Amino acid sequence: MVKKIHHIGIAVKNMDETVKLYTKMLGSKPVSTMEIPGPKIKITNFQVGETALEFLEGPAGSSIADFIAAKGEGLHHIAVETDDIAAELKKLAAAGVKLKDKEPRPGPEGKIAFVGPEGAHGVTIELVQPEKK
Amino acid sequence: MIKRIHHIGIAVNNLKESAALFEKVLGVKAHIESVPCQKVTEAVFKIGSAAEIDLLEPMGTDSAVAKSLEKRGEGLHHIALEVDNINQELKTAEGKGIQLIDKEGREGAAGQIGFLHPRSLSGVMVELVQPRKK
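Residue numbers (this note's numbering), protein chains in the order written: chain A, 437 to 569; chain X, 20 to 153.
Same shape as in the complex, but just chain X (with noise of 0.2 Å):
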């Protein structure tokens, strides 16, 4: 089951620079976290209770976010869903039809992830999330 937004990626070429702008806007300061699997460095600001913003710099030049950054420049990347079985989930979208990037979850900064095609969701990278129980 969905259950809410968990982030919004947005890709950036200068973490600091990107964080100074939404730390205005938000009006909270961000977290920020290296996640080597992901070959991505992360301002997270959380907002509440509500979804996150998660800034992404890529590492490196041969990252998913380097390559978005390449070919589409700055801004958003992803949304990301939170849902309590991220396999039964990845099964129950293949099954309607959606295109899989991940067919199975694996390891992510907030827990086991598995990303859905855009090409199946108007132009959306869909993100699902199991957080890790805390």
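Excised from the complex, chain A in its bound form (with noise of 0.2 Å):
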């Protein structure tokens, strides 16, 4: 079942400049950065409400730079909680919908898999089974 819109992943090329930006706008400081150690994604989390705006940047080569150089700056995927990934997939693929990961893989949150954009009308779509804490 989905529970909720987890978060929006946002590509940007200066991940300072856009913490500086969007601290000054949303009024609150970011509240988690990591970064991905293969693809060196560096990650800033702000959260509103109950979901949260993730900013991405990428070096060159990354899918992140990638997505910039074809889209430009902005919006690249949202992101909804689920508490079963696995039988989401299933369900899915069984309903006809083409995904990208057949399987959940590791993310930096919890178990991922992504459908779309193609065959997705354009949208990236990120299931997410949050970590138990």
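No lab work stands behind these hints: they were computed from the structure.
Please note that a few of the clues may not be correct.
Unchecked claim - Simulated pairs of lysine-lysine, DSS-like, Cα-Cα distance not exceeding 30 Å: (1) X:K43 to A:K538; (2) X:K22 to A:K568; (3) A:K460 to A:K476; (4) A:K536 to A:K476; (5) X:K35 to A:K440; (6) X:K110 to A:K449; (7) A:K547 to X:K43; (8) A:K526 to X:K65; (9) X:K48 to A:K439; (10) X:K43 to A:K460; (11) X:K90 to A:K527; (12) A:K547 to A:K449; (13) X:K35 to A:K536; (14) X:K22 to A:K460; (15) X:K43 to A:K568; (16) X:K22 to A:K449; (17) A:K536 to X:K65; (18) X:K110 to A:K527; (19) A:K465 to X:K22; (20) A:K568 to A:K526; (21) A:K449 to A:K476; (22) A:K460 to X:K110; (23) X:K43 to A:K526; (24) A:K456 to X:K43; (25) A:K538 to X:K110; (26) A:K527 to X:K122; (27) X:K115 to A:K538; (28) X:K35 to A:K456; (29) X:K65 to A:K534; (30) A:K536 to X:K22; (31) X:K90 to A:K456; (32) A:K536 to X:K110.
Note that this is a predicted model, so its numbers are computed, not measured.
Using the hints, build the complex out of the two chains.
Here you go:
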């Protein structure tokens, strides 16, 4: 079952500048920062109510840099939270939805899998099953 | 004050097709609504008490959504933040150096709305919404 919108992913060129802008605009400070070790993608999260804004910056050749080169900075994906990601993926596959990840894989905050943007009308949708804390 | 994310707007060419996909992914049915003042037909998905997902199909070719589809194709269009006083928040944003599209709140589907320019916000179109009192 989908419980809520977990976060909105936003691709940016200059994390420091973006963090300054959004700290001002939202009137709050980032709640977490991390770096995905392999592709060296930097992540900064702001919490707005139940949903986070996840800003992503990546080096040349990363998926984030490629996205910006093609479409410019801005909204990159939406992530919905589920309590059983494997069951959701199975259900979607059975319903004929084209999956990018057929199996869940480890993400920064739990198990994740992507749908689209191909076959999803241009929207990249991430499913997240957060790790129990 | 910014209270929460009110909705995420997604520009689509074919509301029916896109709504069918999102119904599968989100496991809820859409509520379809015409919004003549913004020249769109919307499919609104409510997920619990949290942020909504709004699919937007333009009516005609001269709306903001139609132009975005032409320029950038289908996909994520804007995020809307809920505020309790739209005119005050627009003024505050402008005071912080954020470029405004709307200087004052105007009537939208969910209440009084105003847009901030993506140029000032790392490419993200941000809508402020002061929902109508129910």
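Evaluation of the provided hints:
1. A threshold of 30 Å between alpha carbons decides the hint, and for X:K43 with A:K538 the separation of about 16 Å falls inside it, so the pair holds.
2. Among the hinted pairs, X:K22 with A:K568 is consistent with the structure: their alpha-carbon atoms are about 26 Å apart, no more than 30 Å.
3. The straight-line distance between the Cα atoms of A:K460 and A:K476 is roughly 26 Å, inside the 30 Å bound, and the hint therefore holds.
4. For the proposed pair A:K536 and A:K476, the alpha carbon gap of about 21 Å is at most 30 Å, so the pair holds.
5. At roughly 23 Å between alpha-carbon atoms, X:K35 and A:K440 fall within 30 Å of each other, so this suggested pair holds.
6. With a CA separation close to 27 Å, the supplied pair X:K110 and A:K449 stays within the 30 Å bound.
7. Our distance criterion of 30 Å between C-alpha atoms is met by A:K547 and X:K43, whose separation comes to about 20 Å.
8. Our distance criterion of 30 Å between C-alpha atoms is met by A:K526 and X:K65, whose separation comes to about 23 Å.
9. Using a Cα cut-off of 30 Å, the hinted pair X:K48 and A:K439 holds, with the two alpha carbons roughly 14 Å apart.
10. Our distance criterion of 30 Å between C-alpha atoms is broken by X:K43 and A:K460, whose separation comes to about 37 Å.
11. With a CA separation close to 34 Å, the supplied pair X:K90 and A:K527 exceeds the 30 Å bound.
12. For the given pair, A:K547 sits about 26 Å from A:K449 by alpha-carbon distance, which is consistent with the 30 Å threshold.
13. Distance restraint check for X:K35 and A:K536: the Cα-Cα separation of roughly 23 Å lies within the 30 Å cut-off, and the hinted pair is therefore satisfied.
14. Under the criterion of a C-alpha separation no larger than 30 Å, the hint pairing X:K22 with A:K460 is consistent with the structure, at around 15 Å.
15. Simply put, X:K43 and A:K568 have alpha-carbon atoms about 26 Å apart, close enough for the 30 Å limit, and the pair holds.
16. Distance hint between X:K22 and A:K449 is fulfilled; the C-alpha atoms sit about 27 Å from each other, no more than 30 Å.
17. Using a Cα cut-off of 30 Å, the hinted pair A:K536 and X:K65 holds, with the two alpha carbons roughly 25 Å apart.
18. A C-alpha spacing of about 47 Å is found between X:K110 and A:K527, which places the hinted pair above 30 Å, so the restraint is violated.
19. With a C-alpha separation of about 15 Å, the suggested pairing of A:K465 with X:K22 holds against the 30 Å cut-off.
20. Simply put, A:K568 and A:K526 have alpha-carbon atoms about 22 Å apart, close enough for the 30 Å limit, and the pair holds.
21. The hinted pair formed by A:K449 and A:K476 meets the criterion: a straight-line CA distance of about 14 Å does not exceed 30 Å.
22. Our distance criterion of 30 Å between C-alpha atoms is met by A:K460 and X:K110, whose separation comes to about 13 Å.
23. Proposed proximity of X:K43 and A:K526 is supported: the alpha carbons are some 12 Å apart, at most 30 Å.
24. Between A:K456 and X:K43 the alpha-carbon distance is near 38 Å, which puts this suggested pair outside the 30 Å criterion.
25. With a C-alpha separation of about 47 Å, the suggested pair A:K538 and X:K110 falls outside the 30 Å cut-off, and the hint is violated.
26. Our distance criterion of 30 Å between C-alpha atoms is broken by A:K527 and X:K122, whose separation comes to about 46 Å.
27. As the CA atoms of X:K115 and A:K538 are separated by approximately 45 Å, the hinted pair breaks the 30 Å bound.
28. Simply put, X:K35 and A:K456 have alpha-carbon atoms about 40 Å apart, too far for the 30 Å limit, and the pair is violated.
29. Our distance criterion of 30 Å between C-alpha atoms is met by X:K65 and A:K534, whose separation comes to about 23 Å.
30. Between A:K536 and X:K22 the CA atoms are separated by roughly 34 Å; this puts the pair beyond 30 Å, and the hint is violated.
31. A threshold of 30 Å between alpha carbons decides the hint, and for X:K90 with A:K456 the separation of about 29 Å falls inside it, so the pair holds.
32. Under the criterion of a C-alpha separation no larger than 30 Å, the hint pairing A:K536 with X:K110 is inconsistent with the structure, at around 43 Å.
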